[in-house]
Amino acid sequence: HLFIHSISIFQAVLIILHLSPFGSLLFSPFSSHLSSSSPIPHRERESFDSESLLSPFPQISSSGGISAMDRSPKRRSISPDDATRFPDEVLERVLALLDSPKDRSAVSLVCRDWYSAESWSRRHVFIGNCYSVSPEIVARRFPRIRSVTLKGKPRFSDFNLVPDNWGADVHSWLLVFASEYPFLEELRLKRMRVTDESLEFLALNFPNFRALSLLSCDGFSTGGLASVATHCKNLTELDIQENGIDDFGGEWLSCFPDNFNTLEVLNFSHLNTDVNPDVLERLVSRCRSLKVLKVNRSISLDCLQRLLVSAPQLTELGAGSFSQELTPRQHADLEHAFGLCKNLSVLTGLWEATAMNLSAVYPACSRLSFLNLSYTALQSQELASLLPHCPCLRRLWVLDSVGDKGLEAVGANCPSLEEIRVFPADPFDEDMINAVTESGIVAVSQGCPKLHYILYFCRQMTNAAVATVVRNCPDFTHFRLCIMNPGQPDHTTNQPMDEAFGSVVKTCKKLQRLSVSGLLTDLTFKYIGKYAKNMETLSVAFAGSSDLGMQYVMEGCSKLRKLEIRDCPFGNAALLSGLEKYESMRSLWMSACNVTMNGCRVLAREMPRLNVEVMKEEGSDDCKADKVYVYRTVAGPRRDAPPSVLTVSSL
Amino acid sequence: VIINVVFCPMELQLGLSLPTAVTAAPFDLNGGAELQRKHYYDNNNNANKRGFDLAFPCTTTTTCKTESCDVDDASDIRSSPETITLPLFVWSANGGREENNLSHHGYIVERCTTSTKNRDRICRCDRSKCGRNEEKEDDDDDELQIVGWPPIRPWGRNKFEESNAIGRNIYENTIGCGLEEANNNYDGRDNNNNITRSIMSINGSRSSRFVKVKMEGVGIIRKINLSIYHSYPALIRSLLILFSKHCQNSSSDDDEDSGKKYTLMYQNKAGDWLTAGDVPWQKFIRSVQRIEILMR
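One line per chain: the protein sequences are D and B, in this order. Those letters in the first sequence? Residues 4 to 654, per the numbering used here, in order. Those letters in the second sequence? Residues 2 to 297, per the numbering used here, in order.
With the rest of the complex left out, here is chain D (with noise of 0.2 angstroms):
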């Protein structure tokens, strides 16, 4: 018998656990996050609502007899197990403290009380692919969801390899929800079409709206922003990143009350235009609970210097245009502005800013955890100048054009460092003489031991290399290596780059993103097959020699979950091999390959529950299938697909 009130919620559910008979089960411990306000950013929110949504309820031989998709809720089970029986009520108040997507699929899986507890007690969904379930078939899954995460097009259309009107339009869930969800609070959308239309509706038909995020979205305009800055009176989070979008100008700005004051959360860094910055400047002072604020390049430094003297609490801050040329003054002032802010643990934007200016801004970098210099090409001394006064740097994204020496900076200077990401400044001058090479990750590798995040943009690298750098750092999780010509060897030995990535796979067991480039064989994808056991994403561009490399990678990647191939000679032998891998998995994307329409038939005949979709290009071969992508799905075939993507049936 258990009090709980006199003692704390989480002891009893770990008590719960124990006398369970299910408790082994339960293998994922607990995540810490206790709080669902503040917003978890996409990367971290792995999915795993996607199997208890759509893998049917298992049998699993415990007592009572437990019938698949049992969905009606607040029924009191069965149990001869005394200690599972809880009160619906206390069961739900428990379970409702859990946020891991992977934990609450779980205890779903655990008893039909479980599950129809768990799922009265989520408030937050994520779908990774919208097409792999409907908007209905969510409400009646979760019935009291009240924040969205809502994914759509494939990782590629990022690098327009996907039609503009391919599909992902969220006006369909949003009138679901808006019968369903009322009281829907925050919506975070990747890669979906959103039109201003739709923006519309949502801020006019959910009354409790707070939060917003667009991240890679496209088909609105600055118009439908204004919509929601004007009827969204509770909105805490307006996130808009990296859209492509219709920038009309910045009067949408303007559209908050003037006695709006809850916005937690403001990112316009990438619209274009001006927006006015009297206006920003009472907004932000009226906001006192701003954390976030992310401005656009239109905002001078003097607005800034005034932005952050107003708001000194910030946590995470985007500067805007950072080369002005500023008097001493100036400079002084703006020096003194960084100094208020003490909170400040993520600074990025900075675009173009000379070493002048960005001198700044270190009185602010003590407590700097994510540093984004990616709008900016420093040279490696001026990068050198401000990584010493940021000691806790944790992640540092960067152009190439701070070279070798940079990276060499990075590595005495940042032994915190767990995530580095070089972009190439401009990534079609094959002139470029300060671009980074393989001495500069290996110099990053060996400075920062705590390594396991890395993204690299290059024009050279050796197999030696990679070894060194896996050897310095075994713990990556995600290594993403961009070589960049296609189909380049190992620039010393001219061999290609297999035993690179081999040893990536073999010393980093916890690998679960690989992104691979150069030269490559199918030994790579042999080593990839045999030792990534938990690789959970790979990409893969102009590698591979025959159809028995995509073998490899199907028959061993036990945890494989998103596949994206381009450019490599995998045929229907390759796609068909992952037969029974593919509703385990995400997605599978494979464009320019050389599979046929012949080979997507028998891949939709022999799995039904896959859509396999081909994205035809003009005046190609009708046979062949130039762009394939096939992904699970309990929605049945796509009704809005447009001509020129067909949903291959068996016929």
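Hints were generated in silico from the structure; no laboratory data involved. This list has only true hints and no planted wrong ones.
Quick list of simulated restraints, FRET-style, between CB atoms:
1) B/T276 to D/H174: 53 to 61 angstroms
2) B/D273 to D/T495: 37 to 45 angstroms
3) B/T276 to D/L343: 51 to 59 angstroms
4) B/I286 to D/K533: 56 to 64 angstroms
5) B/I286 to D/S442: 35 to 43 angstroms
6) B/I286 to D/V312: 37 to 45 angstroms
7) D/A181 to B/I286: 47 to 55 angstroms
8) D/E586 to B/I286: 56 to 64 angstroms
9) D/Q316 to B/L275: 55 to 63 angstroms
10) B/D273 to D/T318: 52 to 60 angstroms
11) B/L275 to D/G252: 37 to 45 angstroms
12) B/L275 to D/S419: 53 to 61 angstroms
Even for Gly, the Cβ is constructed at its ideal location relative to N, Cα and C.
Since chain D is already given, all that's left is putting chain B on it; use the hints.
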């Protein structure tokens, strides 16, 4: 202009494919595509080779570089939207760049310029037969671009312009060697502080205008953003900085009047090579495609 045919269009139509890639889009000569041509810098200044496209009749939808053709502005070319089926990626900063650069074996791109965006079509052909010249010319340009590669998001990313470094250099450094200044048809701006200030305050310059600059005898081609300059002297100064180390004589002390003289040439949209400075700056900016510094 020196133009060479780099591949055989007939082979493209047969849809040859690379060992590692398939789907050669058939090459449509009349589809409003302007070919990417490889340029070779010929020391004999042989500017009379006819390009591939000149062998084919002009229609209103094809680009034509002959003087006799009415269609003389590449930006007038429009392809009917139906022929462009692939949304294609051109690394465009804020205004769209004029040139695509990425040397890569065997991947050839047709270029359809539309009024709003640059769109490229990918065409793959058999590497061995495409005739792409294997010799590594240092002044290789007008290279080929693959759709969606490198995999970087086109928006929001680092739009650094090399001009930024030049601007700072002008601010901090002095000028190197002597350069024969072009005739001054510029807009009369004062040479000194105004220029450096206009270069420094780039604050959100939205349209970039990148052109390649090659100096005779120098292996490396540089690229600059013309949109930040407002006059010929400004441009010349920054070019001096860029190529300063190649300008120096062996006796690097004297960098004033002694030493070599250079001439600034540029290639306009029609493909002709002209001396820079003859036309007003604004007209120059609109028509320049690439720049060369020749020793005279």
